[in-house]
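Can you build the whole structure from these sequences, using the hints too?
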Amino acid sequence: MAGEWAEAFDLGWREPRDAPDGEPQGDPSDRGERRRGRLKRLRDSLARSRSALGAELRSGLFETLDAATWERLEEALIMADVGAPTTADVVGRLEIEAESGAFSGAGATRARLVELLAEIAGSKPAKIDLRDSPSVLLMVGVNGTGKTTTTGKLAYRLQRELGLEVIVAAADTYRAAAVEQLQTWSERAGCQIIRAETGGDAGAVVFDAIAAAQSRAADVVLCDTAGRLHNRADLMKELEKVRNVARRRLPSAPHEVLITIDATTGQNGLRQAKLFAEAVDVSGVVLTKLDGTAKGGIALAIARELGIGVKLIGVGEGIEDLRPFEPREYAEALLGE
Amino acid sequence: MFDQLSERLQGTLAELRSRGKLSEADIDKAMREVRLALLEADVNFKVVKAFTADVKARAIGGGVLEALNPGQQVVKAVNQALTELMGGSGADLVISPRAPTVILMAGLQGSGKTTACGKLAKTLIADGKSVAMAACDTQRPAAVEQLQLLGQQVGATVYSQGTERDPVEIAEWALGQARAETQDVLIVDTAGRLHVDADLMAQLSEIKRRTKPHNVLLVVDAMTGQDAVNVAEQFAEAADFDAIVMTKLDGDARGGAALSIKAVTGKPIVYASVGEKLDALERFHPDRMAGRILGMGDVLSLIEKAEAEFDEADAEEMQRKMMTAQFTLEDFLKQLKQVRKMGSLSSILGMMPGMGKQIKEMQNQVDDRDLDRVEAIILSMTPAERFDPSIINGTRRRRIAAGSGTTIQAVKQLLTQFEQMRKMFKQLASGRQLDPRALMQSQVGRAGRGGGRPSGGGRARRRR
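Going line by line, the protein sequences match chains G and P.
Residue numbers for the first sequence follow the numbering used here, so the first one is 7 and each next one is one higher.
Residue numbers for the second sequence follow the numbering used here, so the first one is 186 and each next one is one higher.
Some hints could be false.
No more than 25 Å apart at the CA atoms, straight line, and that leaves these computed lysine to any residue pairs for SDA-like [unchecked claim]:
(1) G/243 - P/460
(2) P/234 - G/98
(3) P/214 - G/78
(4) P/452 - P/470
Since the hints were made in silico from the structure, they are not lab data.
Written out as structure tokens, the structure reads:
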């Protein structure tokens with residue numbers, strides 16, 4: 007489910023600088039060791055979320071392939087919030103391939119299923135585009151999905167671990183204490199913060215942050231925006247304006263627009279992604295709160311129907327709990343491995 | 186994206202209509218559509234299974250097979266079953282004869298508990314009760330401050346002891362305070378917690394044990410998916426909640442999670458939160474929710490949305506004018522602006538039921554830029570012209586067209602359509618039934634089409 011940080015970003019010409027602390031670029035065997043440790047942690051935190059589907063699939067679901075098998079697989083995927091159309095697509099394809107004899111046996115069927123799911127979930131390009139200097143990232147999403155927390159964790163990652171110069175823009179000028187919350191995160195990350203008073207103009211904050219990044223030759227500008235319901239036309243317009251203001255200062259901005267989707271969200275997540283994408287061209291999903299029992303299957307539907315893949319996942323409240331997305335591992339986790 | 190259920194069912198059944206009668210297999214086919222609609226609305230898979238079986242039995246028993254309009258009959262059966270399943274029309278808070286009545290709020294992070302506390306306090310205060318709130322969310326930064334702020338806004342006392350003390354002790358202390366101050370109601374706000382977090386769930390049971398609440402309310406986000414049932418079962422185990430408060434219903438989620446929780450736990454939904462403002466908490470209406478889950482349009486919500494934007498006195502005046510055919514272009518402009526405050530035209534049309542296909546087509550046709558042009562044309566008229574369009578002759582038309590950046594043709598079209606609309610209002614006033622299709626076709630919104638960009642006031646709005 008989680009991949010390697012080294013593969014999460016497209017840094018262009020930039021070499022990662024020596025990080026002040028955090029993970030050194032150790033020898034490969036060492037890295038493998040760390041990776042296994044991290045995966046174990048992830049598995050632990052996802053243990054419950056996988057159990058239901060896992061039990062279903064481990065109990066020899068693919069031993070015999072008949073109508074009941076496909077129905078049970080459908081049920082399992084729908085229970086994971088994958089949604090009816092995407093489920094029908096995946097199961098339908100698997101069924102046709104099985105009948106044509108493309109593979110046989112329980113193991114091969116399962117492997118092909120993982121492959122199909124991973125194919126859908128993967129995003130192209132998978133990497134977060136940080137080639138430009140500064141690269142501007144806009145964080146958007148519905149209220150309570152975890153934008154500010156994700157912004158804070160990402161700032162920490164980029165500044166502390168990759169040694170990039172990060173400026174966060176506290177452009178959530180609506181919710182009380184949102185600025186204070188981001189301030190705390192920026193202190194932990196040791197990065198600059200550009201802020202205004204609550205009720206101030208979000209566009210102005212973003213504009214100032216980009217200007218500051220340009221004059222200080224910073225690498226990345228992370229913009230936290232206010233949460234908004236996607237069906238509020240006025241608020242979506244406002245978000246569009248923030249994006250346009252960023253463009254005015256830097257025509258290539260924003261380089262990434264990441265939407266946070268709460269893993270407990272059901273089929274409405276598709277609407278959220280669609281309307282946000284219409285307003286501000288979303289380039290990737292951050293799937294948050296995967297540490298509960300929810301499986302975040304809606305991410306598959308979003309990737310399949312809108313072509314917007316997951317780039318990062320949130321698996322807890324700790325600073326290490328933001329991870330790059332790895333489609334195959336996600337598919338495995340979804341199926342309980 | 187969400188196909189309307191009634192439209193889909195009609196499509197499924199239309200081909201069979203010629204045969205005059207439906208077979209059981211046809212009903213099965215219809216049930217597959219119902220199943221999809223329910224799954225799209227995030228109703229739990231197992232609930233859906235049981236539900237469609239129930240509806241099938243109802244439909245066959247109810248003589249759908251012989252009915253002339255089986256599609257509608259099926260929808261009706263589904264709707265009835267849903268409304269019944271959500272039941273709880275009689276559900277209400279338990280008010281203790283001995284004050285204070287204690288209400289404990291619980292739920293996942295980000296579901297909207299603290300805000301719901303404030304809204305509930307406001308509702309109860311409006312009923313003439315004195316209300317106090319206990320700040321037991323010591324986890325989230327600024328949660329205590331948020332509750333204090335809400336308390337100030339609605340006029341409720343807030344008992345808080347910072348974030349260092351144990352929430353269980355704070356709750357117990359607050360109950361003592363509420364008794365001493367003879368408050369009618371004490372609302373206990375708790376921290377959001379994951380249902381898999383054993384420690385926090387134990388803490389919740391302990392708060393419940395010590396405060397003996399008369400009502401334990403589970404706060405559920407309307408956007409929650411299939412996991413809602415897991416969440417509800419875990420919370421039921423730890424705190425055996427009595428009823429559900431559903432939040433963020435002002436979004437466009439269908440809210441199937443609530444139905445699932447109701448079906449699995451049997452607990453009714455008492456309140457629904459429908460907006461950001463503090464008075465946006467209302468009693469739950471199972472019938473409206475049924476329509477919403479099935480995607481049958483939501484007229485009542487549309488009306489409410491309109492009520493929120495329109496000034497009542499204004500609306501009455503407008504209605505009087507319409508009925509007496511004194512409706513001028515100036516009034517029309519005013520109304521147009523108010524309607525547009527509610528959101529884009531297609532989103533408003535999306536809430537209208539019954540016209541299925543036509544609405545779909547309309548949604549593709551209407552473009553908010555057309556309305557920009559209409560506004561521009563009217564804004565380019567003199568007050569006298571707006572009051573009495575009949576004085577608009579060729580010269581005036583040319584001036585208006587030039588002033589609004591449209592064409593003479595577009596101006597003419599708008600005036601013709603406005604005249605039609607006035608006639609229609611007259612019909613309405615005389616009590617004759619309106620044909621919704623005629624209303625749609627005469628929509629003034631399409632006047633400016635092909636007329637170039639408006640220059641009125643330099644407002645160059647662009648969508649998409």
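We went through each hint and held it up to the structure:
no.	hint	verdict
1	G/243 - P/460	holds (19 Å)
2	P/234 - G/98	holds (20 Å)
3	P/214 - G/78	holds (20 Å)
4	P/452 - P/470	holds (15 Å)
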